[in-house]
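Okay, here's what each chain looks like letter by letter:
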Amino acid sequence: MKTAQSIRAQLEAQSSPNKQKNSQQPKNSQKNNYHRLGLNWKDVVIFSFTLVIGLTYNIQVNAQDAVQFDDIQSGMMMSFNKSNGEYRSLKLQNTAFDVDVFGLLATVTVKQQFTNQNPDWVTEGVYAFPLADMSALYRLRMTIGERVIEGEIHEKKKAELIYEQAKQEGRTATMVKQYRPNIFTSDIANIAPFETITVELTYQQSLRYVDGYFELQLPMTIKPRYIPADYDARLPMHANVSDTMNRHIQVHLDAGFELDEINSLYHEVKIESDFQQQVITLEDTQLYDSHDFVLRWFPSLGQEPQTALFSEVLDGYEYSLLMVMPPENSQKLNQLRNITFIIDTSGSMHGQALSQAKDALLYALSNLDADTYFNVIDFDSNAKPLFSGSMPAIPENINKALRFIDGFSDDGGTNMAPALEIAMQKENILTDRLNQIVFLTDGSVGNEAMIFEQIAQDIGDARLFTIAIGPAPNHYFMSKAAMFGRGSYTHIGDLGQVDESMRLVFDKLAAPAMTDIAVDWGAKSVTQTPQAIPDLYLGEPLVITSKTALSEKLAGKLYAVSGLHDKQGWSEQLQAPVDGRTTGIARLWARNQVEDWIDELMLGGDQNTLKDQIIELALKHHLVTEFTALVAVDKTPNLTRMAQAKAAQTLPYPQTALGWRSQLLAGLFLMLVAVCGRRLTCQ
Amino acid sequence: MPVKAGSFTIAARKRSQSKKWSNMMMRWLLAIALTVGGWQVLTSGYLLAKAYLAQWLIADAWDLTLQDGQTHRPWSWADTHPVAKLMIPRLNKSSYVLADANGRNLAFGPAHVLGSGMPGEARTTVFSGHNDSHFSYLSKVAVGDLIQVETTQGEFEYHIVEMKVVDSDQRALVISGEDQLILTTCYPFNSLTTGGSLRFHVIAERQ
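Each protein sequence line maps, in turn, to chains A and B.
Every number in my numbering is 858 more than the matching position in the first sequence, counting from 1.
Every number in my numbering is 1305 more than the matching position in the second sequence, counting from 1.
Next up, chain B with everything else stripped away, as it sits in the complex:
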């Protein structure tokens, strides 16, 4: 009987050790999940904060530009400057448009696609913006809506004539010799993933 009891105790201890081990693993896993989760939430918050707060600084820079006609960087280490103000009166929305639509600039606001024209020129103007921040309102525009663009050359009015979804893997942006405005953003709106090939494409023309 004692022999039996002794062997039983050793087995139980072994089991209890392995349980301790798995318990600790679990804690670690949970701690990691909490940290990573928290970090992700903070990052997304940071992205949004950056997107919206930057617009205030950009607004100030744009005011300066309108006053003296010079380009002004919204913050001293910025690599871009505002080139236009975009307004959609019906939706009561407006955005400041930055020069050069690269990934870094787009994080701060809609941007002008290099190689396209500017309002007032006989060439297509293209502004692009993120569909989950600055250009999320493009999901609500309609054919016929007025789009006002304020540049250093004055104010230009466009009316939306067409909206479509294109696959950027199959098509490229076509720049024609007309003064038209194209706004593009990723599609579909409210998508959880990024990097898809579809683009929402709003075409507006001078009238």
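This is chain A alone, in the form it adopts within the complex:
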């Protein structure tokens, strides 16, 4: 009879393969056997997987200098690879900026030189340049070897046709497009190996005035190229790690006003005075840059408004740029105001937007002087005014207003017309005061035409300031309404910024420096933008452009600007130095005009007439617009070069590895595993 012990031993002998040898120590048998190789079968499987994966793992040698379009921070020339959609940058040799500034108008000419350092033709390349806000590119010129290619403005369809045709014929051609609002790109076809290509472009930019200075920014940032550590030295070093870049900057600054200070934020510059203008030159020309070139100049502000005038005569017309600079910020102002706030409290304002708008409104109310009159209108589906007519901002009324605002609830639709109607009623308009209407909404305007008519008809002497909140308000309506109301339009895209942005608007509104401004252009007839001249506020210059036929001008008459400043009449006569040196004013006027027409188009103006008008003006002033494009084609093609470019067809590389090695290795390995495994399990 078998003991339980021996049965157990037998059973274990059957199941554990190497049992026999170690039958004397049954308890330890399994452990010992596996330990001979230090493995169990799971280990074997895991190990073999690791090995196979390890063997097939390939260290890819790849110079990762592909360019992301969103990274473009300065002018770049890139070759484009159709097969994988990658852009690679060509070597930049030189950058030169030449800038002319007249008042707030900058004309920037950039000249950049690139070399195709690869022994291959670049059949398709792209030049990209980051273009600042409020700027317009109008000239493009390329020099390749001894040939010059000049850009031409054509109607969009025609431009595309010209470009495609030139490319097919093997000619060098480029086409200017807008990749994003702030990056313009130009396609370049057929650049020969080792050829140097010079790109020269000119754009016009309107500069901003904030916190007491004008600022000019030139894109200079060059990112050092990334070369991976495992870069194979046998690979040709065509990726130039150390582009030795040369750069030059010269700014001719005619500010139009006395300056307190000129200052370059990140670069050493040399500043020289030359008659009316300053010449600013970059001192160090060799370094890599992690900063754009930023130049600021501070006009010295006086006790009274100041004016500056720039004029240009072109084809029988005089184009003028008039700037009115507000007095110093510390000025105490005696302009009496009556302000009406119209606040949208419809359901869509729910949450952050309304609570921030409320905060801003509370801020505005608590900062009102006691001699200011005010009213608040709350609207959703219906309009509900706080007072039946404007009331003085005495504490008692302010408290009523605060309680009224606290009671705002966010529901109902967005019905603007009744609210605007109440604001423009005679109870809310005071004749001896500056009447400001602040209109805040997040909704789109449905019955634009009707509301527009209502405003145009009833606005009278009041000023309308529009504030739009959120991503999709109707910009065209809002800005046009503000223009007609001689006010301004503010768009707040970020809901987190409502409070802050509104406070800025309210602060500005509290400080009107000059109202009822009129300009006498000294001519029988004139076209000016904006048509209705807004008021001058502290901290913000007023800009007016005009166009006058020379034949309409009254001989010997000076320009005159007049207005109401500090309760008194103020006027100044000016004469523009027509020295023939000032340029770009005509183009600025044309740009403003095109913008007006585009707005009109959006408001439902006659499509065909407006389009034709825009195209005609754009062709005349070299403007890239919605309907026109800039295309540059080589006019003097070199025949052998054309043949070469055509011959420079590219073929894909064939796949040239049989791959027997990996199969052999994998096969041998699997067989080895099988044999070893067999030995372990079946002994």
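By construction, these hints were calculated from the structure, which means they are not laboratory data.
C-beta: ideal position from N, C-alpha, C; glycine also.
Worth double-checking, as some hints may not be accurate.
To be verified - With the Cβ distance kept under 10 Å, some of the chain A side facing chain B (calculated, not the full set):
{"id": "1", "residue": "T981"}
{"id": "2", "residue": "L1244"}
{"id": "3", "residue": "P1510"}
Chain A is already provided as a structure; the job is to place chain B on it using the hints.
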């Protein structure tokens, strides 16, 4: 005690059954590994055998072509024919070049890239071959080496002027209007994987 012994036996039997089961699984796994492994080894052998044996048949076809100037298929079901013989005297290596460098033809020998020129024409000639068989000797060539190409138009001599590695994801083969010869193969040599984007690129020019 008997109760205890009985329960012990049932447990042991259960354990022994599960061990049998895992033992069988293991055998199966090993058998599969052996089969797959063997098949892989045979396949790689077949690939190599095909690559080298085919060259004999291609050589015969090329001889016929040289005699009568007609194209001859190396074997009756072949979809290609030899168009040139490539020789590198310093390495004592030679290969027959087939028409049209597609994956199937390349398995039998180096091939001429369609769209490129042929020696004697004012156009770049491109021959491609596998780096782990016919063109493995390209790893040993040097600048200045003589490359002879025999075609139906005669014999042409080229000298290597440049060798480089290019990334085919970034570049394409550029065919220029000069009588030059480009030999390409995959890179790196002796790599275990296929399908990489790097290519070894030998440029030789007429002198």
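Verification of the supplied hints:
Restraint check, T981/A versus chain B: the minimum CB separation of about 9 Å is within 10 Å; hint holds. Hint on L1244/A is violated. Least Cβ distance to chain B is approximately 68 Å, over the 10 Å limit. Because the smallest distance between the Cβ of P1510/A and any Cβ of chain B comes to about 6 Å, under 10 Å, the interface hint for this residue holds.
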